[in-house]
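On the provided structure of chain A, position chain B as indicated by the hints.
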Amino acid sequence: MSHAATMSQIEEHYENPLTPGWGKLMMWIFLCSDAMSFVGLLAAYGSVRMFDPNWPVPSSKLDVPLTALNTFILICSSVTMVKALAAIKRDDRKGFALWLLGTIAGGSTFLGIQAFEWTHLIVHEGLSIQSSLFGATFFILTGFHGCHVLSGVIYLTCILIRGLRGGYDARSHSPVEIAGLYWHFVDLIWILVFTFVYLI
Amino acid sequence: MSHDAKDHAEPNYWGVWLALLILTILELGVTRLPVPKFIEIFALCALALTKAAMVAAYFMHLKFERGALILIVMSPLLLSAILYIGLVPDAITHIRWIPN
Numbered sequence: 001m002s003h004a005a006t007m008s009q010i011e012e013h014y015e016n017p018l019t020p021g022w023g024k025l026m027m028w029i030f031l032c033s034d035a036m037s038f039v040g041l042l043a044a045y046g047s048v049r050m051f052d053p054n055w056p057v058p059s060s061k062l063d064v065p066l067t068a069l070n071t072f073i074l075i076c077s078s079v080t081m082v083k084a085l086a087a088i089k090r091d092d093r094k095g096f097a098l099w100l101l102g103t104i105a106g107g108s109t110f111l112g113i114q115a116f117e118w119t120h121l122i123v124h125e126g127l128s129i130q131s132s133l134f135g136a137t138f139f140i141l142t143g144f145h146g147c148h149v150l151s152g153v154i155y156l157t158c159i160l161i162r163g164l165r166g167g168y169d170a171r172s173h174s175p176v177e178i179a180g181l182y183w184h185f186v187d188l189i190w191i192l193v194f195t196f197v198y199l200i
Numbered sequence: 001m002s003h004d005a006k007d008h009a010e011p012n013y014w015g016v017w018l019a020l021l022i023l024t025i026l027e028l029g030v031t032r033l034p035v036p037k038f039i040e041i042f043a044l045c046a047l048a049l050t051k052a053a054m055v056a057a058y059f060m061h062l063k064f065e066r067g068a069l070i071l072i073v074m075s076p077l078l079l080s081a082i083l084y085i086g087l088v089p090d091a092i093t094h095i096r097w098i099p100n
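So the protein sequences, as listed, match chains A and B. Going by the working numbering, 31 is the number at position 31 of the first sequence; the sequence numbering is gapless. Going by the working numbering, 4 is the number at position 4 of the second sequence; the sequence numbering is gapless.
Only chain A is shown next, with the shape it has when bound in the complex (with noise of 0.2 Å):
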């Protein structure tokens, strides 16, 4: 038996409908471990909060309704996302490029906000990774969750050139859903930072 022949009856078994795809499985548990690496950061940021007394509220030193309309737009961003996979999934090309484009121009405008509201902290409020463990934790927070936020907009923008080249079709969209995955993941990390870290 060639390799060949070998390989595809390996992909065959993956590709099988009762297992799952090695590709979206291989994401989950990189998930998995990234998910570890937030709640590390978390944990973290929550042991040194709970046993500080001059914690400030943290209302008073960030702008929470901007960062409100942060969300709104990264969530916004998640929905764009499915309807890009369900448009590729019924072979729309068309619709699966423009939801998928939506969905990096919500992933860009929520690191322009970012990019603005740090901007302020540090000019204007002196808030630095070096003033004080709230301005430490803030910053690795919200600055690991944006890096994540950047390598999901230049995932996505592979993808959807891919796409227009006509990478994928009803019968093949493994990697957008695989994309999907990471950038639902995203949205779903940035809820609870929000939450922890912006209204806590």
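Keep in mind the hints are simulated off the structure, nothing from the lab. Don't be surprised by glycine CBs; every beta carbon is placed ideally from N, CA and C. Be careful, since some hints might not be right.
Unchecked claim - One-sided excerpt, in silico: chain A residues whose CB lies under 7 Å from chain B:
1) M36
2) S37
3) V39
4) A43
5) S47
6) I75
7) G102
8) D187
9) I191
10) L199
11) I200
Coordinates of chain B only, in the frame set by chain A:
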């Protein structure tokens, strides 16, 4: 792709979006309520976890996956609880060393 994930009907994504929007507005409302801090924290955590669960269940299609995958994905939740409980004594010890 699992059998279930492939064959399930498409969820009402706009309905999920609306629910997430309402829960976010509720979160903002809770921070303005004149209630004890621990009730506020409990309510905010419950709302945030509900939102996170909705994103995982509907947008990430976890609700339609097979049970084994759901169990694997849930493992960080258990591990995070262990991590957090493990850190609490450390934080309590730390506070004793803060100079007055």
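Outcome of the hint check:
1. M36: It holds, given that the least Cβ distance between M36 of chain A and chain B is near 5 Å, below 7 Å.
2. S37: violated, 10 Å
3. V39: holds, 4 Å
4. A43: This interface hint holds because 5 Å falls under the 7 Å limit.
5. S47: holds, 4 Å
6. I75: Because about 5 Å separates I75 of chain A from the closest Cβ in chain B, which is inside the 7 Å limit, the hint holds.
7. G102: Not OK, violated: G102 of chain A not within 7 Å of chain B, min 13 Å.
8. D187: With a minimum Cβ separation of about 6 Å from chain B (threshold 7 Å), the hint on D187 of chain A holds.
9. I191: Because about 5 Å separates I191 of chain A from the closest Cβ in chain B, which is inside the 7 Å limit, the hint holds.
10. L199: holds, 5 Å
11. I200: holds, 6 Å
Hints 2 and 7 from the list above are not met by this structure, while the remaining hints are.
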